Amino acid sequence: GAVVSQHPSRVICKSGTSVKIECRSLDFQATTMFWYRQFPKQSLMLMATSNEGSKATYEQGVEKDKFLINHASLTLSTLTVTSAHPEDSSFYICSARDGGFRSGANVLTFGAGSRLTVL
Amino acid sequence: DAKTTQPTSMDCAEGRAANLPCNHSTISGNEYVYWYRQIHSQGPQYIIHGLKNNETNEMASLIITEDRKSSTLILPHATLRDTAVYYCIVPDNYGQNFVFGPGTRLSVLP
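Chains as they are written, first to last, in the numbering used here: chain A, 17 to 135; chain B, 28 to 137.
With the rest of the complex left out, here is chain B (with noise of 0.2 angstroms):
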């Protein structure tokens, strides 16, 4: 099972930013964040991934709250290119396995 809980679906306006949430509350003190995003009949594409700071890359920012238990993916200015399926996944079995949870489908809205 995933060890991730997300939002089924999610609508943000284009050209707003997108806070994604995700709990993860039974994290361990050495396992990663990381997030994936698929649009539809693709593979997943790799977003950005964190441990306990913020990170922040060219497509996203990752929020970590300090007790590592959530954390949000925000896209600062959504396109209608980012509506997808949005995944958030802790791995398992010491970080080996990428267990997929349903994700969050967004949607972006003109």
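This is chain A alone, in the form it adopts within the complex (with noise of 0.2 angstroms):
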């Protein structure tokens, strides 16, 4: 089936540095991917959807300058988080549609997600 691989599974850095996580649909093609951040003991909030050769679209309340996604390829989807602070530390976690519609419906694929402490 369909995978989509996340690196790095976990990250810290120090406040002030930029950290970029990088998202990859493995045997398929995604024009789409999508870009969620989980807080603990919450659900997952979409933060974004990436598309590729395009600019991404944002959810509001999410700053597009402290968030910069890139979908260059077909495969490839990174997701920089610019001037990390320690509020951004979370679990970033990406999907991709594969395309293939099962049955005529758009099944998502997660990564296993990034998980991402700024001290």
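Simulated from the structure, these hints should not be mistaken for lab results.
Just so you know, these numbers come straight off a predicted model, no measurement behind them.
Warning: the hint list may mix true and false statements.
[What the hints assert, rightly or not] Here are the simulated lysine to aspartate or glutamate pairs, EDC-like style, with alpha carbons at most 20 angstroms apart: (1) A/Lys-30 - A/Asp-81; (2) B/Lys-30 - B/Asp-94; (3) A/Lys-71 - A/Glu-38; (4) A/Lys-57 - B/Asp-109; (5) A/Lys-57 - B/Asp-28; (6) A/Lys-80 - A/Asp-114; (7) B/Lys-30 - A/Glu-75; (8) B/Lys-96 - B/Glu-41; (9) A/Lys-30 - A/Asp-104; (10) A/Lys-57 - B/Asp-38; (11) A/Lys-82 - A/Asp-114; (12) B/Lys-30 - B/Glu-58.
Join these two chains into a complex; the hints should help.
In structure tokens form, the structure reads like this:
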């Protein structure tokens, strides 16, 4: 089945630095990928929709200059957390639609997530 | 906001069937219902989806009411490894956005 790989799985950085998280579709092409954020004991919150070859669409309240998304190829989207601060510490999860509609539906495949800790 | 409502938590004895309900009373005729689960500190895992008919796969069964306003996910023989948060999702934005509600925290007890 479709597989989405995220890297790194865990990252610790100092406040003020930038961190890049990669999301790759391993066995399919993904024109659209989604980035979510999850705080402890909360549900996933959609941050942005990443479209190959065009600008990402951000959800209300998500700072596009802080969370830079690049979707340069059909198999790779990256999320860069710029000038990270402790409040950016969270679990970041990407997902992709494999495009091979299962029974006419748009099933999303999720990555394993990346846990960011900002000191 | 999520278009579904689910109980906050449920318990199930190991080896018994786990029946997880979901209400989606505003679902429209061409919208699918998807079920995912999230085990602690992992990404969500796809379980099953359906439109009108009941569905079954190697993981679970999905029962959708005739009026499509609710559905039930059935894990026929729950194991300890099925302990997770289960999400019932009806995507919005013409099926593009998967909005996650709080889900149901299922605890399978020995």
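For this session: Any hints from earlier that this structure breaks? Give me their numbers in increasing order, please.
Result: 6, 8 and 11
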